[in-house]
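Engineer: Those sequence lines, one after another, are chains A and B.
FYI, the numbering for the first sequence is 2 to 612, going by my numbering.
FYI, the numbering for the second sequence is 2 to 612, going by my numbering.
By construction, these hints were calculated from the structure, which means they are not laboratory data.
Everything numeric in this text was worked out from a predicted model, so none of it was measured.
Treat the hints loosely; a few may be bogus.
To be verified - List time: in silico DSSO-like cross-link candidates among lysine-lysine, alpha-carbon distance up to 30 Å:
(1) B:K522 x A:K305
(2) A:K484 x A:K351
(3) B:K338 x A:K351
(4) A:K595 x B:K338
(5) B:K595 x B:K484
(6) A:K522 x B:K595
As the list claims (entries may be wrong) - Label-pair distances were calculated between CB atoms; the ranges are:
(7) A:R68 x B:E61: 46 to 56 Å
(8) A:E609 x B:A17: 28 to 38 Å
(9) A:R55 x B:D65: 49 to 59 Å
(10) A:G347 x B:K305: 41 to 51 Å
Glycine included, C-beta positions come from ideal geometry on N, C-alpha and C.
Number of protein chains: 2
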Amino acid sequence: MTFRATLDFLLHDWLAVERLCERPRFAEHGRETFAAVLDLCETLAAEKFAPVNRLVDTEEPRFDGERVILPAATQAAARAYAEAGLLAASQDASVGGMQLPCVVEMAANAFFSKAGIGVGGANMLTSGNANLLMAHGSPAQQRAFAVHEYAGRFAGTMCLSEPQAGSSLSDITTRAVPDGAGFEAEPLGPRYRLRGTKMWISAGEHELTENIVHLALAKIPGPDGRLVPGTRGISLFIVPKWLVDADGRLTGERNDVSLAGLNHKLGYRGIPNTLLNFGEGRHPVRGGAGAVGYLVGRPGEGLKGMFHMMNEARIAVGLGAAMIGMAGYEASLTYAKLRTQGRPVGAAGKDPAQPPIPIIGHADVKRMLLAQKSWCEGALALELYCARLVDEQRTGAPEDAAQAGLLLELLTPIAKSWPSQWCLEANSLAIQVHGGYGYTRDFPVEQYWRDNRLNMIHEGTHGIQALDLLGRKVLLDGGAAMKLLAGRVNATIERAMAEPALAAFGNELAGALQHLGRATKAAWATGQPEEALANATPYLQAFGHVVIAWVWLDVALCAQPRAGRMDEAQRQGLLAACRYFFRHDLPLVAAWLKVVETRDDTCRTMHEDWF
Amino acid sequence: MTFRATLDFLLHDWLAVERLCERPRFAEHGRETFAAVLDLCETLAAEKFAPVNRLVDTEEPRFDGERVILPAATQAAARAYAEAGLLAASQDASVGGMQLPCVVEMAANAFFSKAGIGVGGANMLTSGNANLLMAHGSPAQQRAFAVHEYAGRFAGTMCLSEPQAGSSLSDITTRAVPDGAGFEAEPLGPRYRLRGTKMWISAGEHELTENIVHLALAKIPGPDGRLVPGTRGISLFIVPKWLVDADGRLTGERNDVSLAGLNHKLGYRGIPNTLLNFGEGRHPVRGGAGAVGYLVGRPGEGLKGMFHMMNEARIAVGLGAAMIGMAGYEASLTYAKLRTQGRPVGAAGKDPAQPPIPIIGHADVKRMLLAQKSWCEGALALELYCARLVDEQRTGAPEDAAQAGLLLELLTPIAKSWPSQWCLEANSLAIQVHGGYGYTRDFPVEQYWRDNRLNMIHEGTHGIQALDLLGRKVLLDGGAAMKLLAGRVNATIERAMAEPALAAFGNELAGALQHLGRATKAAWATGQPEEALANATPYLQAFGHVVIAWVWLDVALCAQPRAGRMDEAQRQGLLAACRYFFRHDLPLVAAWLKVVETRDDTCRTMHEDWF
């Protein structure tokens with residue numbers, strides 16, 4: 002089955018995305034326009050991204066003291082992406098956008114992630130940056146910055162972390178002080194001077210675009226000159242590398258942001274990752290040191306804007322992880338069909354006089370391929386489901402929108418974490434299918450594995466997702482999100498019970514869901530966060546497996562014979578992948594929940610000096 | 002706790018290795034001489050290996066058309082290792098050996114694996130090669146080759162795989178034909194000419210030593226010129242890079258073995274990995290093309306010699322995996338104590354006005370550290386236990402020796418596979434503890450993770466170990482090995498039942514062991530290998546977890562208060578690591594055995610065109 006066929010099945014047969022075109026925002030669209038976008042992306046990814054994925058790994062970004070040098074192929078890929086209008090794919094037609102649903106935009110971007118996650122600079126960051134400005138910036142900020150980002154003239158970054166504050170944003174120390182007496186009269190927004198250091202900034206410096214628009218979190222000191230502890234004191238600023246006028250024309254003034262160094266990474270090497278100094282005086286501007294920044298929204302509400310984008314960013318990370326997994330699946334499937342070795346196991350063992358068979362004929366190789374298929378397609382389905390929830394939240398009827406938003410809050414930690422863990426594992430299996438060859442750089446799979454390892458770290462580490470899920474999301478509105486999810490899972494189970502081929506899976510999922518519910522209650526039974534959260538990560542894993550099992554069962558229901566004209570091999574493949582997940586993986590849930598429901602204290606009571 | 006303290010506890014308190022000195026072979030040894038060897042290795046590893054572990058990764062071996070260039074540090078490390086006499090550590094004093102028990106030799110080598118698995122060329126390969134000659138070569142071969150390997154003048158390789166035959170040795174096509182009429186009169190052994198290509202040959206070409214002694218598998222054609230299918234036709238040959246006389250002096254004749262290329266690997270980069278052409282005519286020798294090789298042992302018995310060394314080689318791989326895991330554990334433990342971020346979770350959540358704490362204070366970081374400790378120390382204990390079985394097999398009373406040999410056969414697939422999988426996972430957690438920093442090359446953990454990924458592949462892949470275990474080893478002598486293992490596990494359980502602190506774990510292990518036994522029977526209930534072996538890998542995983550749980554329970558029994566004068570923090574650490582394994586990991590066994598005992602056919606019945 003081709004990836005495209007799987008994607009089309011999930012979008013149309015399973016999620017019925019075409020029905021979104023009944024809504025005014027998407028009225029200009031239909032199955033054909035969606036297909037045209039996917040065709041375009043499939044072609045662009047194949048032509049501009051896939052062929053240079055290894056190149057951007059070996060020709061890592063380097064700093065010559067003045068500029069960050071990237072391969073020409075990165076520039077070409079970034080330009081092709083921008084010229085296709087993809088940076089504004091989901092935006093209003095009025096700013097040059099295509100008004101695509103989020104789910105279709107995500108599906109379109111999936112091709113690029115699969116072809117080369119580190120190719121093309123950081124197009125998706127630019128979109129995300131501009132989208133944030135469209136949601137929270139002033140019209141003047143949108144005109145001066147966002148529209149130029151959509152056009153590909155400017156690139157965007159997100160500057161959150163600092164060397165001493167990665168997971169803990171409340172500890173950032175970048176300071177923003179009003180820039181002189183007239184600071185509030187600035188047309189681009191209240192003008193501040195920023196000083197501080199930002200770490201892990203993707204695409205923080207490069208020559209791909211005329212300008213780079215940094216969105217930076219900083220704290221405005223109180224009257225006593227001190228920073229407010231915690232996240233309440235955080236504000237959001239636009240800090241362009243080059244200052245611009247109201248129309249986004251460069252004024253020629255270099256802003257006081259400079260590259261302190263490149264991070265040399267295990268993977269994801271196509272995208273330069275930087276340490277940036279804000280306001281150190283290397284590029285004094287308008288009379289002095291300090292990076293000029295324009296406040297977005299109101300002081301102290303910086304995280305609100307960021308969190309608005311967070312769900313989407315985390316779905317994008319999850320989808321990226323799923324797609325790197327899918328790339329490894331495709332590579333190892335191809336290899337397994339071509340590589341011959343060994344003989345089938347017969348009743349009398351193996352007959353070495355027979356010619357060797359393609360290794361796809363061996364049960365253990367099939368296991369490794371089927372696991373990859375099950376994890377990567379399951380993850381893809383989950384990400385598309387979540388993206389569809391984003392659309393519902395934005396364009397659905399009020400009650401549906403509210404439900405979608407609530408469900409999305411609950412599912413986001415899973416959408417981020419599950420593919421980051423399991424599609425990485427899929428990449429490891431892709432190496433294993435290749436044997437020794439998979440361990441060499443002559444095959445792509447080792448790079449996929451390295452690239453994918455990032456996804457458990459950025460946009461909130463695995464541990465942070467776990468705390469978010471068990472510490473916040475399951476408690477949301479008195480457990481309303483959990484109830485909502487349980488309702489949807491139970492609806493799927495109910496439908497499965499009517500299908501002889503799927504009823505047993507329905508039963509198993511029902512058991513796992515109940516177990517999850519009991520464990521959630523048991524974790525919080527004493528009301529002590531310290532006890533409840535001690536095993537948040539095993540909880541996250543168990544929760545993720547229940548969600549993916551539900552997604553698979555729902556997909557399998559959609560692939561039942563009467564459902565339509567689907568290809569029989571495709572149907573069998575989906576059902577086998579579903580069955581794999583229920584037989585091999587869902588049973589792990591019980592083991593993971595054990596420590597959760599007993600509030601096992603082995604880890605939290607471990608003393609530092611016992612290690 | 003230092004690694005050395007853990008090692009000493011396992012060697013002396015748990016395995017009582019000192020008692021080996023009661024046996025004639027080890028009579029010259031005692032706790033002091035063992036300690037002196039360990040001290041020496043600890044120092045050498047710290048001085049010559051650890052400081053250059055990153056260097057040998059970045060300065061990968063390269064071929065200048067004539068020679069393979071390695072960093073000078075590799076040469077220095079290799080020389081220091083050889084000069085310390087470690088190449089012959091377990092050999093007879095008569096060939097310059099130390100007559101160390103295998104378990105002490107392995108423990109000594111652990112320091113080097115932990116400090117830099119790819120540093121020092123491939124010393125352990127050289128030992129293994131020479132040891133094989135001591136066991137299966139003629140006295141003349143030992144004198145001409147092995148003794149010079151022990152002295153560090155010659156290096157050794159193992160040439161088994163070919164490009165088309167990695168896991169499937171029965172398919173090798175390297176041919177060996179008698180070298181002229183007088184071929185049997187050669188003092189160094191019957192002389193053949195070899196032609197063929199060998200792949201994945203570690204240290205196949207370098208300038209570290211005067212000569213390289215290849216031990217190569219090849220087939221001697223039958224009278225019809227055809228090769229015998231299967232492994233029965235395989236013979237073993239010594240193929241030196243430079244020909245030598247009876248005393249191992251170089252004759253100046255270059256043998257017809259040449260480097261076809263270097264493999265560029267994901268990790269383990271310090272050791273050049275090569276594709277070698279045997280007999281292609283690049284270096285015609287003694288009148289013609291064809292690599293001169295001397296038969297070791299009898300024709301057709303080549304694999305017997307190799308398999309003799311296989312158990313030890315696989316223990317060494319497992320121990321290497323455990324040690325790379327341990328290196329990551331140490332690095333992440335150090336980092337977690339120094340890095341501050343976040344606040345403790347209190348009843349009212351977190352107070353951002355408090356100063357951040359070292360991340361080792363967070364439950365999830367403790368979980369990641371404790372998991373690493375549990376997996377890596379558990380793996381280390383298993384490897385030492387297996388090495389102790391090797392000693393028992395070699396120097397024990399006849400019945401004990403036979404039992405040890407049988408148990409070793411059963412445990413070897415676990416000793417090879419379990420650390421390869423779980424200590425790799427430990428390395429991933431070491432990255433995770435470091436957050437974004439762990440993803441950079443400024444910290445050592447990403448390299449550990451890359452290095453360790455090899456171990457599931459070489460010396461028999463994971464899948465091959467699984468087939469060996471469920472397809473051969475558990476059936477051995479009508480299940481005698483399984484009975485023997487069960488007896489030992491039950492003995493540990495019985496002792497645990499008398500310890501209030503451990504009785505619950507004893508119960509759990511008893512349940513898991515019984516489950517494993519039932520699943521083994523159920524897998525083979527139909528007698529069809531195809532059905533039994535379809536889920537051999539989940540079986541391997543479950544079996545491995547039962548074995549490690551047993552090892553931990555046995556170690557924990559040894560760490561009970563009355564046992565001696567051990568450090569209280571060390572005791573608590575071992576008990577916590579044991580408890581971690583029983584609470585968090587052993588419950589997974591039930592999930593893995595599910596597909597085994599139902600002979601689930603999801604994977605094996607998957608059609609190629611459903612993927």
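Engineer: Against this structure, judge whether each hint is valid.
Structural biologist: Here is what the structure says about each hint:
no.	hint	in the structure
1	B:K522 x A:K305	violated (59 Å)
2	A:K484 x A:K351	violated (54 Å)
3	B:K338 x A:K351	violated (54 Å)
4	A:K595 x B:K338	holds (29 Å)
5	B:K595 x B:K484	holds (22 Å)
6	A:K522 x B:K595	holds (28 Å)
7	A:R68 x B:E61: 46 to 56 Å	violated (28 Å)
8	A:E609 x B:A17: 28 to 38 Å	holds (31 Å)
9	A:R55 x B:D65: 49 to 59 Å	violated (24 Å)
10	A:G347 x B:K305: 41 to 51 Å	violated (25 Å)
Violated hints, in rising order: 1, 2, 3, 7, 9 and 10; the structure is consistent with all others.
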